[in-house]
Amino acid sequence: MSMILSRRSFLRVAAQTGGAAVLQSLLPVRFAFANTPGDARLMVVILRGAMDGLAAVVPYGDAHYADARGPMAMPQHDATLINLDGYFAMHHALKLLAEMFQRKEMVICHAVATPYRSRSHFDAQDLMENGTATPHALTTGWLNRAVAACKPSPDAMAIGSFVPLMLRGPAQVGSWAPNLLPDVDDEFLSRVARMYDNDPLLHSALTSGQELRSMESGKDKNPGGPRAFVEMMRKAATFMAPEKGAHIATAELGGWDTHAGQGLDNGRLAGNFAVLAEGLNAFRQGMGEAWKRTAVICMTEFGRTVHGNGTGGTDHGTASVAFLLGGAVNGGRIIGDWPGLKTLYEDRDLMPANDMRGVFKSVLHQHIGLAEETLDAVIFPDSANVWYKDKLFS
Amino acid sequence: MSIVAFHACARFGLGAAPDELKAIGNDPRGWLLAQLEHPLIPAGLQHLQGGEELMGEQLKSLKRKTRDKSKMLGLFARKLYMEHTGARFAAQVQSQQPFIERLVLFWSNHFTVSIQKGKLVALVNLYELQAIRPHVTGYFKDMLLAVCQHPAMLYYLDNSLSLGPNSVAGNRSGRGRNENLAREILELHTLGVNGGYTQQDVIALANIITGWSLDNDGDGPIIRYKFKRQSHEPGEKLFLGKRFAEGGEQEGIDALTMLATHPSTAQHIATKLARHFITDNPPPAAVAALARSFLDSGGHLPTVMRTLIALDESWLYPLAKLKNSYEFAVSACRLTGIIPTAQKAVNGLEALNYRAFNASSPAGYDDIASTWSAPDAIMKRIEWGHRLALHLRGGTNPMQLAQAGLGDALSDATRQQIQRAPSGADGIALVLASPEFQRR
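These protein sequence lines are chains A and B, in that order. Take the first sequence: its letter number 156 is residue 156 in this note's numbering, and every next letter is one higher. Take the second sequence: its letter number 429 is residue 823 in this note's numbering, and every next letter is one higher.
Read the hints as simulated data drawn from the structure, not as lab findings. Errors might be hidden in some of the hints.
[Unchecked claim] Here are the simulated distance ranges between beta carbons:
1) A/Ala-66 - B/Gln-594: 25 to 33 Å
2) A/Arg-194 - B/Ala-704: 37 to 45 Å
3) A/Pro-170 - B/Glu-431: 42 to 50 Å
4) B/Gly-419 - A/Pro-152: 54 to 62 Å
5) B/Asn-420 - A/Asp-197: 28 to 36 Å
6) B/Gly-642 - A/Gln-102: 55 to 63 Å
7) B/Ala-417 - A/Leu-201: 29 to 37 Å
Predicted, not measured: the structure shown is a model, and the values here were computed from it. Cβ coordinates follow ideal geometry from the N, Cα and C atoms, glycine included.
Produce the complete structure using the sequences and hints provided.
Here it is in structure tokens:
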């Protein structure tokens, strides 16, 4: 199935013409790599479960909105929606993000998707994280490959108990999750290290684990449930704000798979929106002065059906919304092509008008300083004509 | 060969209990086969109850919006979860049939029901006891049917809300079909994502199983399965190229039977079993043999297990798999003889950032090393083992523990570190931190 790429916002490079040189001349802004990767911070928040993008950023100005969404159409007044640009509005539960948008610290990319067109969470997440156009094509993730490609490699870590596929790969990364256990002394750990001499997997995990332990202070409470996300983001900022800290990180928030009882201005989805916004805001506050060198990407593996299903929810869809926020971001805009709700993909989903890899690549190029050739060949293989022309950073 | 006995214990069992390696002796395959012949329900799990009533009450209270009552019921439900989870943990720590217990864990993960949907805390252990455990030495199709008719699964994947668009209830209420369970049956439980089904098949199966619902009405508080004819989508369905005539509940039973013995299901299950029991990247020949066994036996799981035990590949790669957090905790308690109270068991798992039945999606937990080897997770295991070692009373000799637990798998590097440990507790902690104990 062919991708629908926007003519206006996305660069098309004919397959026959060379690649980097052509791209360089077509890009409107020259990027001098003044910022070493070391200064810039990048946090990637993976929203697992297929977030309903049309509920987060509501195209109330679209004439077909109410019909298309049916029972999932949001009631429209200023207690439920925060107007962004006269066409799109943000769900009120995302108020803290709307404020970032209004401060021009946030860019919204709507009708965005990966190349994946089936409806398995598992495969879609794998593809979104492996950075190719095929699920399970690689056992490494694009963000890890990006870390490995930077010279020097910035420190990177996963916030949570598991390192997501996106951050697995050749570059060694750390991880952190709340701890209820007393530390063990270094002497003990050096004995463990001797035992791990012949076990590369355990050895590298121990090495990274020790580095991170040395950065921590105090014991953490272990809040359960989705509120844990807010604490995790707060903690993430303590690792990322310092100059010598981790400058690339991932975090995750689930609970988006609202097949039933999704709710509208209130309810399950609204509650999750509030947690997301609070967590991102806590992160922003924690980053302090470093926020102006920070970018955060939030993405989800696919969206949900435009029309509600029979059980007060929505089923698996295609396009959704992605957020790029941070002090470094040239924000206050909604980017990409908006396909409208008159014609739906397979008569059920928002049309995938924009390829999210284009956004990721542009962030890595403009903010982290990776070269286009590297991004096309190594970080996002098979994506040579997927680029985002816009100046995403100030 | 002691390493073969160790391998049977670690890979097929739950890690050696103090005298287990000795008991296995030189017939590890026989040890496994005997368990398949006479599976027993652990004593500690025989009287688990209360979950159906409690969850039923919770759903009623939700409907009636009685907030204080809901809060109280929620507390009771979490307490019941803790008791049941603790009982399961203790049972697995003490089990003399650890191969059977491993199969329960495998299938329970395959047919994941998660407490991420909070109302399931009271029922989730009973789900495993009622829908999974009785069938691990039976036919796959019987497990599949039991799972799909269990209130926990019907609630978890929203089928209890699903109404056929043209059914009596659908017409009356304006609510409609929910495809969540149907999709996951195809993608996760049977054919697998590339097993050859289309979106139309998902819809067809969803229609077929409309009416597979919950009964929580009437005066009794108990929640149970009920086929609701008025919710069932009428008419013929075309599913995987086959016509299913209108037949009420039987349509679903027939569809599941068809799925249970489908070649794609055999391939999908064989791959997962090979990944669990052989290596993260399962050898294709082993997968093919298991799939053949599954297909030829009509999905008779003991037959498939016998094929697995007989495969050369099953014995070629000791220590190739990394334990997951739960396996690590259970095996540590098995070896050290520590049987925690329910509260301590649950807290102990929390300290590893693990919560039973808490998978973030219906796909369950991954079964590969990279999922369980985040640096923080490994550090936590090391710290956890150290704290456990401090709690051991009396003189447990670290070298003896190492020999009892690891047998001939004990490496020179590990032996050396244990011998040089400055204290008994450190020595024991080193056994638990060793690569031979972290792996299986």
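Taking the hints in turn, this is what the structure says about them:
1. With their beta carbons about 28 Å apart, A/Ala-66 and B/Gln-594 fall inside the hinted range of 25 to 33 Å.
2. For the hinted restraint 37 to 45 Å between A/Arg-194 and B/Ala-704, the CB-CB distance of approximately 39 Å keeps it satisfied.
3. Judged by the Cβ atoms, the range 42 to 50 Å given for A/Pro-170 and B/Glu-431 holds: they are separated by roughly 48 Å.
4. The supplied range of 54 to 62 Å is met by B/Gly-419 and A/Pro-152, whose beta-carbon atoms lie about 56 Å from each other.
5. Between B/Asn-420 and A/Asp-197 the Cβ separation comes to about 31 Å, which falls inside the hinted range of 28 to 36 Å.
6. At roughly 56 Å, the beta carbons of B/Gly-642 and A/Gln-102 sit within the given window of 55 to 63 Å.
7. Checked against the given bound of 29 to 37 Å, the beta carbons of B/Ala-417 and A/Leu-201, roughly 31 Å apart, stay inside it.
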